[in-house]
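Based on the hints, put chain B in the right spot on chain A.
Spelled out, the chains give:
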Amino acid sequence: MDFSATAERISQKVVSRGHAVEKTAIETKLRRLVEEFGVPLGEAERTVTNELAREFSIQGLQTGGPGEAKTLDALAPGEWVTVEGKVVALTAPPSPSISQTGIVADTTAAVRFVIWSRANAPVLREGNWYRFESAVVDQYKGSVNLKVHSGTTITEVPAGGTIKPVITPIADLCPGIASVRGKMIQEWEATHDRILQSGLIADETGSARFVTWKEEGRERLNPGTVYTIFYATVDEFNGRLSLTLNTATVVPEEGDIEVNRGDTSFEGVFVHLAPGSGLIKRCPVEGCNRVLSRQNYCPVHEIQPTFQYDLRIKGWLDNGVETREVLVQRAETEGLVGMTLEQAREIAENTPLGMDEIFLRFRDALLGRYFSCRGREMDGRLLVSGCTPLRFQPERLADLLNRAGGSA
Amino acid sequence: MTNGAAAFPATRREGSFEREPARRVFAGELRESRVHFKEGQDEKSPSFVLLPTGACCNRVFFVGTLTEKKRQGEQNLFYRARVVDPTGTFFVMAGSYQPEAMQQMARLDPPSFVAVVGKPTVYQTPDGAVLISVRCESITPVDKETRDQWVLDCAAATLDRLEKAASTPDGERARKEYGMDPAIFRKMAYEALAQLRL
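From first to last, the protein sequence lines are chains A and B. Oh and the first sequence: position 134 is 134 in this note's numbering, straight run, nothing missing. Oh and the second sequence: position 137 is 137 in this note's numbering, straight run, nothing missing.
If we strip away everything but chain B, and leave its shape as in the complex, we get:
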């Protein structure tokens, strides 16, 4: 498996639909992401989050433990959930624009292993803090083995990104925007993997 040098194709074919891949990213890395942008001017053009390891992502895939789930709102009902991986917590939301995900969420009971596909969005709170949450497209119950497979997959993807970052425009951009030491993320991957050995 190779990690994407180009997070999105530089030349998107006119009229053709290309599904954005779901990046594997640890909660610990996603939490650090701040830079988000839109490709193109269109209302429907995809939006991306720049990961500190140097890849743009429009969609993410992760597997972790659902630890908390809350139903909120009255008119606009939505679910807010926390999914934990070995490096931190993902904040997951499913609202009325994701009816399937809402129904899936309704049937889940924490704690349980879940696989989530969704789109990351960056929010700024009134007091200036930046939050990143994942708008859920699907959340399905899975077993521990799938979780372990994901940790391997995600660690490999993270290391791939780190290795490629030196030579890609996205890597360059991430260094400029975040200026973070790559060793942090290598250590994060190592610690996530080390937990599997226990």
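The following block holds chain A by itself, in its conformation from the complex:
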């Protein structure tokens, strides 16, 4: 009979509490109990564990008996727990040292789980209920995560009730697993080969970015459609939340909802035009779109002689109290500087300064002038969807004269 797995499980528990213990000693004790005294292995495990717990004065080391399982909403990082739940999603393991990843849910919550290859765990199937004994709760990218290691026992159990995922308002999202109901309001150009789709999804309370990685059976969302998304993974990236839909079940819905696009507006003067404004060249490789250097060099795809031109404004808008970085895409840029992409390209090709000429013309058209920009704020930068020059307002003059003269 092999006692090493059980001994390993016990020693891991003790080691996790900061005590050194000989695995072979545990194994010997187990063997003695089982082979000499005919104690069932489960009981032997309990006896040895209790003995060690007393020896080291550790509280709560006892293996959870049946019925002691915790609910998923009560997990805290650092705990060793026994939980029961339904596997609601399985995802491709990101590394060979991981055998399975996915989401397990019970009636209270859902968490991500990771099964290490070395855990020798059975292969879990989506839709089935399992009991995870002695799994470890840890924190990964800010959210609670259930880790299955070689000391964890997984057994299939009968379904434990109907699971109704709670829909979270987008404004209240936090890292972990969440279900949302929202409308896809923007699709972005993929910035990576592995991205199937990325964009923005919004509900009445706010908006969040989402990403779907390329994977068998994954489909794109349609802009303008409302979806209920069960069990998306919420990550924090660069201080912003992002929904990964690969774990999720996505159900399109009829009808429409009012969304909060999170638009803000800002009025001020262009005080600085950053390099990278004007006429730029972009990498033509599908899904890349990075800006090329002067020598047509893409940081990923190297020299790209058949680049695509684009126009944009990167600059700082300043109202005298606060200054904001703004990024204006081509469509809006053309109107502001009174130059189409085609015209800019022609000018650049026919003047000695080339693309610099466009930058200089942009500078003369924008710097020191008053504009009102509105758009979405992202990573401290305003992504402008609309921008208009401001005009002199005579009524403001009258107001200010009253204000300056009134209490003089």
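Simulated from the structure, these hints should not be mistaken for lab results. One or more hints might be untrue.
Heads up, incomplete: computed chain A residues facing chain B, CB under 8 Å, no partners named [said to hold, decoys possible]: (1) Leu367; (2) Phe392; (3) Arg403; (4) Ala404.
Derived pair list, reagent style DSBU-like, types lysine-lysine, alpha-carbon separation capped at 35 Å [what the hints assert, rightly or not]: (5) B/Lys70 - B/Lys164; (6) A/Lys281 - B/Lys119; (7) A/Lys314 - B/Lys164.
Cβ coordinates follow ideal geometry from the N, Cα and C atoms, glycine included.
Leaving out everything else, chain B in the frame of chain A:
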């Protein structure tokens, strides 16, 4: 628009870059500024000028008429220019550390309306006189309408500062350092605005 109670954030996040806003200030007020200091010990920490209306500024923005431009120096070439607003004159400099501004300056002909972004610096001449000039980051030709917009903007900012000064540390400091009557600056704003009506 609200005027900044805190001229600079009390707690600057480590490693993060926060661009200093460009304060709107009339030449008549900037001319009165004497107090300048550095925030932090670092060689690169920003330096500030305390305005008499009670705000610290690291950068200014103004629109006025370029009336004079001179190229000076031989080894170290630089431009010296005068830009006039309804309340007085800004002294603007662009040297070899501001190559873009120098090139912009080279293409300008006085008289013309210009928009200037720059950093104010306080100098003391050997005979003890204090001069304040603006090291230019950019100077672009604009139209009269932009100038008029700036006068409104600057008057509003000046009045905002005056109203806030009673309750801010910078306001307190300005009262102690300059002891100037706020009415002077309210009148300055009024007169600048009144010129637009003509």
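Hint by hint, here is what the structure shows:
1. Taking 8 Å as the C-beta contact cut-off toward chain B, the hint placing leucine 367 of chain A at the interface holds, the least distance being around 4 Å.
2. Restraint check, phenylalanine 392 of chain A versus chain B: the minimum CB separation of about 5 Å is within 8 Å; hint holds.
3. Residue-level restraint check for arginine 403 of chain A holds (minimum Cβ-Cβ distance to chain B is 6 Å; threshold 8 Å).
4. With a least beta-carbon distance of about 4 Å to chain B, the hint placing alanine 404 of chain A at the interface is held under the 8 Å criterion.
5. For the hint linking lysine 70 of chain B to lysine 164 of chain B, the alpha-carbon distance of about 39 Å lies beyond 35 Å, and the restraint is violated.
6. A hinted pair counts as satisfied when its Cα atoms are at most 35 Å apart, and lysine 281 of chain A with lysine 119 of chain B qualifies at roughly 33 Å.
7. The straight-line distance between the Cα atoms of lysine 314 of chain A and lysine 164 of chain B is roughly 33 Å, inside the 35 Å bound, and the hint therefore holds.
Taken one by one, the earlier hints fail for this structure only at number 5.
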